[in-house]
Amino acid sequence: MFTLILELLGTFAFAVSGFRLASGKQMDWFGAYIIGLVTAIGGGTTRDILIGLTPFWMIDAKYVLVTAVALVVSLVFRERITRLGKAIFLFDSIGLGLFTVVGISISLDAGLPIWVCIVMGTITGSVGGVVRDILLNEVPLLFRKDIYALASIAGGLVYFGCLLIGLPVDVTAIVASLTVITLRLIAVKYHIHLPQFNIEK
Amino acid sequence: MFTLILELLGTFAFAVSGFRLASGKQMDWFGAYIIGLVTAIGGGTTRDILIGLTPFWMIDAKYVLVTAVALVVSLVFRERITRLGKAIFLFDSIGLGLFTVVGISISLDAGLPIWVCIVMGTITGSVGGVVRDILLNEVPLLFRKDIYALASIAGGLVYFGCLLIGLPVDVTAIVASLTVITLRLIAVKYHIHLPQFNIEK
Amino acid sequence: MFTLILELLGTFAFAVSGFRLASGKQMDWFGAYIIGLVTAIGGGTTRDILIGLTPFWMIDAKYVLVTAVALVVSLVFRERITRLGKAIFLFDSIGLGLFTVVGISISLDAGLPIWVCIVMGTITGSVGGVVRDILLNEVPLLFRKDIYALASIAGGLVYFGCLLIGLPVDVTAIVASLTVITLRLIAVKYHIHLPQFNIEK
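Protein chains in written order, with my numbering: chain E, 1 to 201; chain Z, 1 to 201; chain A, 1 to 201.
Treat the hints loosely; a few may be bogus.
Examples of chain A residues lying across from chain Z (beta carbon under 8 angstroms, computed) [said to hold, decoys possible]:
| id | residue |
| --- | --- |
| 1 | T46 |
| 2 | L50 |
| 3 | W115 |
| 4 | V116 |
| 5 | V139 |
| 6 | A149 |
| 7 | L150 |
| 8 | Q196 |
I should point out that these hints are in silico values taken from the structure, not numbers from a laboratory.
All C-beta atoms in this analysis are idealised placements derived from N, C-alpha and C, irrespective of residue type, glycine included.
Extracted from the complex, chain E is given alone in its bound form:
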């Protein structure tokens, strides 16, 4: 139940982030829907294929439906969504935190080693945005700026730290999600980022 609410919230947030980036790029409604859907389910689908599971959205229609609801909401409240403009990273950050924890949890259930669980959490949180950027024909934002995947990795480390000191799983999930979200918000607010990579003069 708790995981379910997390997943639906994260799906909605990621879909809206996809719609916002698709907007104004000569896409039609269907194209925008697919961009939002891929942003929302791309990470989890990649995780499921790597682990060898049936992709989660094929078993349960609600992720595809939540994205459709998000599209309608975006179209109806387009004015208000515009005013949220500068908060686009907030949607991204919440989705990132929630999906990271969901990804870790599913990987643990699949019996994967801890480091693979952390990688899968990061993939669940990040790959949707990467595929979105590829479809929009841009170099993925993830590779260029801000702390993004690193916040996800840090959240994964906190997750297993919490389990190690004996916290219950629900508390662990909340703490790890908040860690990811907080790190991302702090990094953006204070312009904390990694150095640019440049090995040739």
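Starting from the known structure of chain E, arrange chains Z and A on it as the hints suggest.
This is chains Z and A only, laid out in the frame that chain E set:
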């Protein structure tokens, strides 16, 4: 037998559509072959990976061979193929109709629920063209204009409508394919398309 | 043991080739690391997903670690790596030869037919570079110039030729790898390439 002919025709049509878009883009023959091959088998491969099947072209060499034949035909008859220029969407449309039905049929055999079968039909018909556009470094055509995936979805609905009223599977497959092809041709002829997506001023 | 060394060398070489192309493109260190990692493990991951195996790097952390070592080496010796500038294709070529043989060997163990093994060898050697170019938002180099995948295919044919005349597997692997590397180097040195593909005036 019937399905086989459909698949080979669809493969040929999609491969040629890939060659046409690859032409004149500084690609060599091998690059063009891969673009045509990916256009032809990309949708079915995505479907098989999502369902958890071995990709169809690994079990049976004929799809890879048909694409090679299509390449030779395209090179030998390049004059005539040029004259077919304005008919590029015809190839695409036939492939779309045939692949949609093949995808639904395979998904049904795999025991998937109806809505997933329709999604898989659409993926089988559409994803090859999306991967082609990604490789050619363009925003997928699918997202930008015309009724394309929607025709595929409509064909899927017609497919299950036909089964519901008790039509035999072969007739169902023909009716659904023709629905997809007709919808696509009508949409292009009368410039029917979805509204552009724009949620920010 | 022999295969292991081949794989680690190939991983290092491919990662460095990824770093070099990522350099100077407004990427941060993490982005560069992912580009290098994807270049190094993208082909093998694609092969494993197509065959239905758990991706090799999830079972064994050393590929992810070797890429991290390669990143540190690239940053520390950036001066010297710059001087290697014109030798970028050498890294690519060695990785191509080694990965082709590893891919064939794994596909043989999976009981695949010979032609699929050769395709899988080529995928193992080539797809990492294709995904790297997609992420960098460029038309894949593979499709545009030089003999690349064709060298890999030729190496695959040599591989099965060697087995046919009864050479031991280790010798076969060495001969096939050297074939790929030599063909690629000769093709670049003498500007041997396929004709450009152009079917429209």
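Right, here's what the structure says about each hint:
{"no.": "1", "hint": "T46", "verdict": "10 angstroms, violated"}
{"no.": "2", "hint": "L50", "verdict": "6 angstroms, holds"}
{"no.": "3", "hint": "W115", "verdict": "6 angstroms, holds"}
{"no.": "4", "hint": "V116", "verdict": "5 angstroms, holds"}
{"no.": "5", "hint": "V139", "verdict": "5 angstroms, holds"}
{"no.": "6", "hint": "A149", "verdict": "6 angstroms, holds"}
{"no.": "7", "hint": "L150", "verdict": "6 angstroms, holds"}
{"no.": "8", "hint": "Q196", "verdict": "6 angstroms, holds"}
Violated hints amount to a single one, hint 1; each of the other numbered hints is respected by the structure.
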